[in-house]
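Peer 1: Chain by chain, the residues:
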Amino acid sequence: MRWGLDSQSHCSTTKDKREQRLRVISREVLWQNSRQFGTLIGLFAVMVIFWILSPYFLSVSNLMNIAEQTSINAIIAVGMTFVIITAGIDLSVGSIVALSGIVLADLLQGGHSEPVAIVAGLTVGTVCGLVNGSLISYGKLPPFIATLGMMSVARGTALFYSDGRPISGFDAGFRFIATGEVLSIPVPVILMGLLYVVAYVVLNRTKLGRYAYAIGGNEEAANLSGINTKLIKTVVYGMCGLLSGLAAVVLTARLNSAQPIAGIMYELDAIAAVVIGGTSLIGGEGKISGTLIGAFIMGILRNGLNLLGISSFTQQIIIGSVIILAVLIDMALRKDRKPLFGKGLFK
Amino acid sequence: MIRAWIRTALLILLVVLPGCRKTEQAGKPTIAFVMKTLNNPFFIDMQKGAESAARELGVELMVQAAEREVDVEKQMQIVENLIQRRVSAICITPSGSREIVPAIRKANDANIPVLIVDTRVDEKVLAEAGASTLTFIGSDNKEGGRIAGEFIVAQLGGKGNVAVLEGIPGHETGDDRLRGFHLALDQLKEMKIIASQTANWERDQGFSVFQNILQAHPEVQALFACNDMMALGALEAIAAAKGKHEIIVVGFDAVDDARMAIRKGDMRASIAQNPEEMGRRAVESAYKAMKGEAVARDIPVRIELITGETLSAESKGK
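These protein sequence lines map, in sequence, to chains A and B. As numbered in the numbering used here, residues 1 to 347 make up the first sequence, in order. As numbered in the numbering used here, residues 348 to 665 make up the second sequence, in order.
What the hints contain is simulated information worked out from the structure, not anything from laboratory work. Hints should not be assumed to be uniformly reliable.
As the list claims (entries may be wrong) - Selected chain A positions facing chain B (in silico; Cβ < 10 Å):
{"id": "1", "residue": "Ser54"}
{"id": "2", "residue": "Ala178"}
{"id": "3", "residue": "Arg254"}
{"id": "4", "residue": "Ser257"}
{"id": "5", "residue": "Met265"}
{"id": "6", "residue": "Asn306"}
{"id": "7", "residue": "Ser311"}
Glycine included, C-beta positions come from ideal geometry on N, C-alpha and C.
Kindly produce the complete structure, drawing on both the sequences and the hints.
Peer 2: The following block contains the structure:
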């Protein structure tokens, strides 16, 4: 969705104009739905194909399994959606996952209580994100460069802090975050669900969310209309870091171990989920529900291809092709076929 | 227009595809083999052995690996997915000795026997998680490290400066090799380990790390690398120094490139594991477990020193 600043200027209320506006709005709603519909079609198509090919695919336990496996990528992808909507990119999320995980694990092993360790892990992620955001907003670095630097700095810090060794073995209480179930739904899935509800509200009902669209649509216009674009961008990257920290908590609990080399290439999985979900890399457009669907498409692909016993080399080819295909279909369903990649990355 | 086409195509798919849905696949016994990676010749040999055993026994074999060797979480996902696939047994070469334990526990809960191949699982973590494995099939890496150490001692005449390239810290395989190597050297006062650093199992890191070691310690006379990839990287670093150094390089695994380097005389020796045999033994043991037969707790696979002499003897033998 494009957040038009011009909507306010349509205040004159002649009947003609109002009708015209209504028509425009209804057309916009239709497209929005058809685009969303496109991503959903993709999801169902993938599910139907695996349901046909594997008798093991469509069972409650397997679907729960997929949801659990998808949760980590889906959590990171929320932050990535916000960042990409502002026409940015965050390449450091995987490294931040590793660093937050190591700090969290070290504190847990040092005998600190779970809440303290978790808050520390989340704080580390947030700080990394805020540094990214400040470098981009106030240091005027392109997002690609700032977060590429952070990717290396955070990874190096994680390795340095841990001496390159994994830190493992935690209490059942902490591991509940990954292994526990509430009403037979795994905790990571519940976390993911809650997070998407919150993210939906923030993106659609708060200033932060609306301003993020405005910045991605036209940063200069947003700035001129009085939005503190620098602050908003910094907060958005900070949020992305915070969610990487949250992913680290889930990952560490899941593996019962934190590794300094964890999370390598997670940024690409998250970006893929966001892009499959129909968010434009030029910024200003995108939906959080699309990202969730995108993350599930990736998760289902990995699961289904495993169930079928497809060779791991072929799997990579298929996953890559599906990403390309999904975006092609999405663009075909779009009325204005703008390229997905543009000034956003290197601006 | 395009939208209409896509919609039509999907409708056709929806109607036609369910007709060809397979169901008879369910219940057919399948052995799964989860490798660390499939872009290392070692694991490809292991796969070969596993496949030939599966053919002989007439069982179905599924070989899977994560895209990256270090990605323990993806390996866990694969195991979880195979549990959903209800395979009869899972052979795993763990990407992380501790990190794989939660996945093993899940397989235990689903009553699927787990066989560990090549890299040992951390027994303490396993016990803490209340998980269990059926057996371990692999080389005695400590013994291999000791053999490599004794070879270097003999080559240097019991006196000299040695450097070590370690694997990823915390990997039992590399740690065992290192322990064995220390076993051979530590009590000898005149054998000095002047540098011991990790190159994370990788060839390019073997190159850069050993280049740094050469800078810092030009007096180094021998190198033990915990795998051949790092040894081959180090060979390139030595070559880049243009003959300023005469260094005895000993690797581990005896992969094809290393054998070639040994024939050419660039590398002195390597320790051969037998990945093909590991793969074969793993599938055979999984088959036994499937049939309800007893399987030994520990199945050692032979290990040997490969030098220029053994290689020329081998080619004469053929």
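Peer 1: All hints, please: hold or fail.
Peer 2: Tested hints:
| no. | hint | in the structure |
| --- | --- | --- |
| 1 | Ser54 | holds, 8 Å |
| 2 | Ala178 | holds, 8 Å |
| 3 | Arg254 | holds, 7 Å |
| 4 | Ser257 | holds, 5 Å |
| 5 | Met265 | holds, 7 Å |
| 6 | Asn306 | holds, 4 Å |
| 7 | Ser311 | holds, 7 Å |
Of the numbered hints stated above, none is contradicted by the structure.
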